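Student: This is what each chain is made of:
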Amino acid sequence: MSRTRQQRLRPRTRGSADVRMRSGFVLIAIVLSFFGARLVQLQGLDPREYAAMAAADGSVTVTLPAERGDILDRNGEPLADSADGLMVVADPALTTPRAAELAKFLSTRLAVDYFRTLERLRVEDSRYQYIARQVPARIAATVLDEARSRASDAADKAVEAEKDGDDEALAEYEEIADAYSGLLTERDPVRVYPSGDVAANLVGFLGTPNPDGSAKPSAGFEAMFNSYLAGTDGETSYQVGAGNKIPLGDSTIVEATDGRDLVTTIDRDLQFFTQRIVRQTVRQSGGESGIGVVMDTRTGDILALADDPTYDLNKPDEASDGDYKSRAMTDVYEPGSVEKVLTVAGLIDAGKVTNRTKLLVPGQLDRQDRSIGDYFDHGLLKLTLAGVIAKSSNIGTVLAADKFEDGQLRDYLTRFGLGQRTNIGVGGETAGLLPDESMWTSQTQDRIAFGQSLSVNAVQMTAAVNAIANDGVRIDPSLIKGSATTDEGREVGTDVATTRRVVSDDAAYQTMMMMERVLDPEEGVAPGAAVPGYRVAGKTGTAQRVGEACGCYDGTFTVSFAGFAPADDPRFTVYVVVQDPTNGGGGGSVAGPAFSRIMSYALRRYAVPPTGTPASRLPVEWR
Amino acid sequence: MSSPAPATVRSRLSTQGRGLAGAAVERARLTVVPRRRTRAPKVPFVTLVSLLLLAGVVGLLLFNTSMQQASFTTTALQERATNLAAREQALEMELEELRNPQRLAAEAQRRFGMEPAGAPLFLSLESGEVTGERGEPAERLDLVPNQPTRPGVLDPAPIIETVIGDVPADQVTGQTGNRGDTARGSGSGRGDTGRTGPQQQQQSQGEQQDQQQQRSER
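As given, the protein sequences belong to chains D and U, one line each in that order. UniProt numbering numbers the first residue of the first sequence as 1 and each following residue consecutively. UniProt numbering numbers the first residue of the second sequence as 1 and each following residue consecutively.
Chain D extracted, bound-state conformation (with noise of 0.2 Å):
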């Protein structure tokens, strides 16, 4: 019975089986083609935008402050250091009707104007403006603090009005809430400068920050080392559900790396005698700026670099912007007779003189068609080289000069390091000016071998006075400890320095000898720069100077020292350069008893004791 029925029932069946089966297959098939097409049109056509929409459902994005590097000097102490600061931020589309309350407990609290504040809570259609900025972080969490609480209150407040239906009350409640609710903070940090104008002039300072929170550097290692300072920001995002993080939500992080810290070769306190010195000898002298620099013999690093005028790096506007600039790394000047140190140590290096080489001085030296000078009005001197050196006599050193062979004096003064720049680390440094070798001509020769026509910076010259003091071998300045990089990509600090050998010990020691008779009271010119209880050599230097008016000399003069101490074993070589002296001073009046002041605190600061060795006796005439 039943085999027949399904028989009966086959061919009918089978056939609306098949139509099932098909209608079900095209029905899955419409459906699974509106999703392939949702697909393409999320992923292939503009998935950015999804996945940001997606993400940004929720969850916040926060940047994660990179903290600059500090600038430190060799003891760790702070020379520019950073701090988390905020800016206040008005919305002035909420703060307007209640402007003048707002300004009123911006002013007092911020320390901010009243009336400029007044003017950018009013701003029309604006919904950001500054209040303050770089406002510590501590102070501004403060107002802030008190900004919100007293937007609840008045919310509150509000909200009773409401239920009593007091209108008038309730928008203005309304209105105070707005008010307070409209003040945000934002990330702005501050850069300060806890020394002051202590090394002001290669710190540099921080410029006000960049619309976007960069930071935006303004002179100095800040702009010099901007990017070794300044690190990367990192960022974090992740879920937030009331204000706090879901835990198990999405979240991605990428971590800050922060600025790494610049350590200076400079020592703080040092530097800051140092300045204090050089600021008091050119207001005594009535100079027009002064230079002060102070070398750690043995090893090159420079303890100070002293620049005056200076500026507080705390209050750049109070200063012209001339001042910004370190003198003495980017202006150049004829060293004058502090140079006749470097021709004579080639001129014994070369074998040609020693130091009791026996000169007859002439009254005036006639060159060609021109004629030489000394200072002094004289007669013919006999002078020994050392009393040259112990006289600055120009006439002297020129006859030495004439015993070099061709080019040999401009060899030397390469290897000093003159016309090359020290790569030390600051920007806009001058290379100063060798003449080139087309340029040579005898005149030349006479005219640098006593320190004209030649032009430096002053960390070079020191640089150079310190090969002698260091047995010959000159030693690269530096300015960083360690090594750090600046954003020229060049490398610079104690880790590259090298050395050279200019002169022969010999030579050096011969030259020393020469130099510690300038000091001496009754032979020398430059007593004034004694120290004492220690053994000094140096020279002083008076030269004319290059007017920037006219470029050519003027009238005005540069007067410098330099020496080291002790003189037979020295451990610091300082530089002192006062660019017109209107007192009337010279090298050895105006720089010799600054030179004094600030060896003698170096020595006493690092504990040097005297060597106790007789001093140079070397005879300055002959007969």
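It should be emphasised that the hints constitute simulated quantities derived from the structure, not laboratory data. Bear in mind that the values here come from a model prediction, so they are computed numbers and not experimental data. Be aware that one or more of the hints could be misleading.
To be verified - With a cut-off of at most 25 Å between alpha-carbon atoms, the simulated SDA-like pairs for lysine to any residue come out as follows:
| id | chain 1 | residue 1 | chain 2 | residue 2 |
| --- | --- | --- | --- | --- |
| 1 | D | K352 | D | D506 |
| 2 | D | K245 | U | V57 |
| 3 | D | K403 | D | R370 |
| 4 | D | K245 | U | G59 |
| 5 | D | K481 | U | P101 |
| 6 | D | K245 | U | N83 |
| 7 | D | K325 | U | P156 |
| 8 | D | K245 | D | D84 |
| 9 | D | K315 | U | V144 |
| 10 | D | K315 | U | N100 |
| 11 | D | K358 | D | S616 |
| 12 | D | K325 | U | V144 |
| 13 | D | K325 | U | L154 |
| 14 | D | K245 | U | F72 |
| 15 | D | K245 | U | M67 |
| 16 | D | K315 | U | L141 |
| 17 | D | K325 | U | P145 |
| 18 | D | K325 | U | N146 |
| 19 | D | K216 | U | E96 |
| 20 | D | K315 | U | A106 |
| 21 | D | K315 | U | L143 |
| 22 | D | K216 | U | P148 |
| 23 | D | K245 | U | L62 |
| 24 | D | K325 | U | Q102 |
| 25 | D | K315 | U | N146 |
| 26 | D | K315 | U | Q102 |
| 27 | D | K315 | U | L91 |
| 28 | D | K325 | U | L143 |
| 29 | D | K325 | U | P148 |
| 30 | D | K325 | D | L454 |
Unchecked claim - Among chain D residues calculated to face chain U with C-beta under 8 Å, some are:
| id | residue |
| --- | --- |
| 31 | D81 |
| 32 | A83 |
| 33 | P136 |
| 34 | G196 |
| 35 | R268 |
| 36 | R276 |
| 37 | Q280 |
| 38 | P309 |
| 39 | P532 |
| 40 | G533 |
Glycine is no exception: its CB is placed at the ideal position from the N, C-alpha and C atoms.
Place chain U on chain D using the hints.
Tutor: Chain U only, in chain D's frame:
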């Protein structure tokens, strides 16, 4: 299973009269033992599973709640840490301000009347010998900062009127003189370095070089 069963019955029917041997053989044949149905009580198992599930759900809930709680605490503590770090920084800045060498020097000089030391004496611990020269205290440091530069608007350059008279220029511009250690007289009669004035600036190159050579310095 259904096919062996009727076969057994059939064989049983057909061998009914075949004697005892057949019966014995018949008896020795193995048959499948019907499966025994165990009736374990379901209630404990269901209870166990439900309890496990419940414990899981409740545990998860508690875990989640405690995590949420921890998250609140984290936020609160982080805020506190930020505040404390800001406070520490503020105090450190204050400290640095107090340690500023300029302030220390001013305090030492004004408040305590201290003076910069002169040259020290050295006592050698080995020989007991005292070396060095005792210096007088040095001059006090001048700590008055420079006056801030006034902006150009407030500090205009002086207006200088130059009046040209009929006095010879030589007599008007003298020497700066009194630069004891540098002044070299104008005995040579050539361009005098002490002179200042516009006409000096336009001197010939040769004269400038004269000046360089003749002008001595130390």
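Student: It remains to establish, for every hint, whether it holds in the given structure.
Tutor: These are the hints, each one checked on the structure:
1. D:K352 x D:D506: 13 Å, holds
2. D:K245 x U:V57: It holds: about 23 Å lies between the C-alpha atoms, which stays within 25 Å.
3. D:K403 x D:R370: 20 Å, holds
4. D:K245 x U:G59: 21 Å, holds
5. D:K481 x U:P101: Answer holds: K481 (chain D) to P101 (chain U) is near 22 Å, not above 25 Å.
6. D:K245 x U:N83: At roughly 19 Å apart (the allowed maximum being 25 Å), N83 (chain U) and K245 (chain D) satisfy the hint.
7. D:K325 x U:P156: 24 Å, holds
8. D:K245 x D:D84: 23 Å, holds
9. D:K315 x U:V144: 16 Å, holds
10. D:K315 x U:N100: 15 Å, holds
11. D:K358 x D:S616: 18 Å, holds
12. D:K325 x U:V144: 22 Å, holds
13. D:K325 x U:L154: At roughly 24 Å apart (the allowed maximum being 25 Å), L154 (chain U) and K325 (chain D) satisfy the hint.
14. D:K245 x U:F72: 8 Å, holds
15. D:K245 x U:M67: Answer holds: K245 (chain D) to M67 (chain U) is near 11 Å, not above 25 Å.
16. D:K315 x U:L141: 23 Å, holds
17. D:K325 x U:P145: 18 Å, holds
18. D:K325 x U:N146: At roughly 17 Å apart (the allowed maximum being 25 Å), N146 (chain U) and K325 (chain D) satisfy the hint.
19. D:K216 x U:E96: 24 Å, holds
20. D:K315 x U:A106: 19 Å, holds
21. D:K315 x U:L143: Since the Cα atoms of K315 (chain D) and L143 (chain U) sit roughly 17 Å apart, the hinted pair holds (cutoff 25 Å).
22. D:K216 x U:P148: 23 Å, holds
23. D:K245 x U:L62: OK: K245 (chain D) and L62 (chain U) at ~18 Å, within 25 Å.
24. D:K325 x U:Q102: 21 Å, holds
25. D:K315 x U:N146: 12 Å, holds
26. D:K315 x U:Q102: 15 Å, holds
27. D:K315 x U:L91: 21 Å, holds
28. D:K325 x U:L143: The hint holds at about 22 Å.
29. D:K325 x U:P148: Roughly 16 Å between the alpha carbons, so the hint for K325 (chain D) and P148 (chain U) holds.
30. D:K325 x D:L454: Judged against 25 Å, a Cα distance of about 22 Å means the pair holds.
31. D81: Holds, because the Cβ-Cβ distance from D81 (chain D) to chain U comes to roughly 7 Å (cut-off 8 Å).
32. A83: 5 Å, holds
33. P136: Holds, because the Cβ-Cβ distance from P136 (chain D) to chain U comes to roughly 6 Å (cut-off 8 Å).
34. G196: 5 Å, holds
35. R268: At about 6 Å, which falls below the 8 Å cut-off, the nearest Cβ of chain U leaves the hint on R268 (chain D) intact, so it holds.
36. R276: 5 Å, holds
37. Q280: Hint holds; Q280 (chain D) Cβ to chain U Cβ min 4 Å, cut 8 Å.
38. P309: Since chain U brings a Cβ to about 6 Å from P309 (chain D), closer than 8 Å, the hint holds.
39. P532: 4 Å, holds
40. G533: Holds, because the Cβ-Cβ distance from G533 (chain D) to chain U comes to roughly 4 Å (cut-off 8 Å).
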